[in-house]
Amino acid sequence: MLAAMFSGRHTLCQEKGFVFVDRDGKHFRHILNWLRDGVVPTLEDSQYPELLREAEYYQLLGLVDGINAVLNRRKDDDDLKTELTRTDIIKCIQSKRVRFRGVNLSGLDLSKLDLSFVDFSYACLKNTFFSRANLQCAKFRDVEAEGANFHNAILRECEFTAANLRGALLAGAGLQSANLQDACLIDCSLCGADLRSAHLQTADLTNANLEGANLEGANLKGAKLGGANLQGANLQRAYLRDVNLRETHLEGAKLDGANLLGAIR
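Each residue of the sequence shown is one higher than the one before, starting from 1 at the first, in UniProt numbering.
Hints should not be assumed to be uniformly reliable.
[Unchecked claim] In silico DSBU-like pairs for lysine-lysine, Cα to Cα no more than 30 Å straight-line:
#	residue 1	residue 2
1	K91	K112
2	K254	K221
3	K75	K26
[To be verified] Distance windows between CB atoms, simulated:
#	residue 1	residue 2	range
4	L12	E44	29 to 35 Å
5	D88	F28	45 to 51 Å
6	R86	R265	42 to 48 Å
7	P49	K112	41 to 47 Å
8	D109	E44	27 to 33 Å
9	K26	R99	44 to 50 Å
10	R74	L261	22 to 28 Å
11	L32	D109	17 to 23 Å
12	F28	G226	54 to 60 Å
Note that these hints are calculated values from the structure, not bench results.
Being a predicted model, the structure only gives us computed values, none of them experimental.
Glycine included, each C-beta is placed from N, C-alpha and C at the ideal position.
Start from the sequences and build out the full structure, keeping to the hints where you can.
Dropping the structure here:
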């Protein structure tokens with residue numbers, strides 16, 4: 001807009017050589033500085049909406065995009081701020097029935113705690129540490145647990161239905177009879193995990209590492225195993241009916257008694 005104003009195509013009202021722009025001058029220095037160096041200024045959160053209005057008035061689309069990017073980054077940072085501390089969790093689990101449904105616990109160190117039967121459904125558990133924790137019969141339904149650490153954790157009979165565990169570390173975890181139906185396990189490490197009788201129907205195990213895992217009697221109906229590493233895994237009596245194993249690494253895997261009817265190999 002400023003370029004258009006001073007292009008010569010428009011008549012400007014001047015007084016003693018000055019041009020008056022009927023806007024709040026508080027943020028005009030930020031407008032000029034952005035025109036000089038293209039850097040979005042660092043401001044208080046309450047000031048960005050004001051500067052955004054000025055940028056829109058002057059039709060500076062690059063500055064508008066820059067302000068929106070800053071606001072989105074700050075929103076993401078706020079979303080990752082945990083609502084409770086490890087001490088808060090320890091106090092809570094001393095009660096008989098504990099529920100953290102929908103709570104943001106991302107990044108917390110909850111390793112080695114007894115969290116059995118705790119309900120974490122719908123919680124945000126991104127990069128949360130559960131290493132060696134006792135999580136028997138805990139509920140993780142629909143959780144966002146991308147990058148979470150469950151190394152050597154006790155997860156027997158846990159519910160992970162539709163959980164997002166992308167890139168999570170579950171190596172050595174005890175997942176006997178756990179319900180992982182519809183879970184996202186893409187790029188997960190499940191090396192040496194105990195998944196005996198686990199429910200993995202329609203779970204996405206693309207590129208997951210299950211080397212040496214025990215999947216005896218596990219139900220893998222409709223599971224995605226493209227690029228999955230099942231070398232040396234125990235798949236005895238596992239249900240693999242109609243599963244596509246063409247891109248699955250099965251060297252040294254035990255398949256005695258497995259249901260492979262209609263499986264693509």
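To see whether the hints hold, each was checked on the structure:
| no. | hint | verdict |
| --- | --- | --- |
| 1 | K91 to K112 | holds (15 Å) |
| 2 | K254 to K221 | holds (18 Å) |
| 3 | K75 to K26 | holds (25 Å) |
| 4 | L12 to E44: 29 to 35 Å | holds (34 Å) |
| 5 | D88 to F28: 45 to 51 Å | holds (46 Å) |
| 6 | R86 to R265: 42 to 48 Å | holds (47 Å) |
| 7 | P49 to K112: 41 to 47 Å | holds (45 Å) |
| 8 | D109 to E44: 27 to 33 Å | holds (32 Å) |
| 9 | K26 to R99: 44 to 50 Å | holds (47 Å) |
| 10 | R74 to L261: 22 to 28 Å | violated (54 Å) |
| 11 | L32 to D109: 17 to 23 Å | violated (47 Å) |
| 12 | F28 to G226: 54 to 60 Å | holds (56 Å) |
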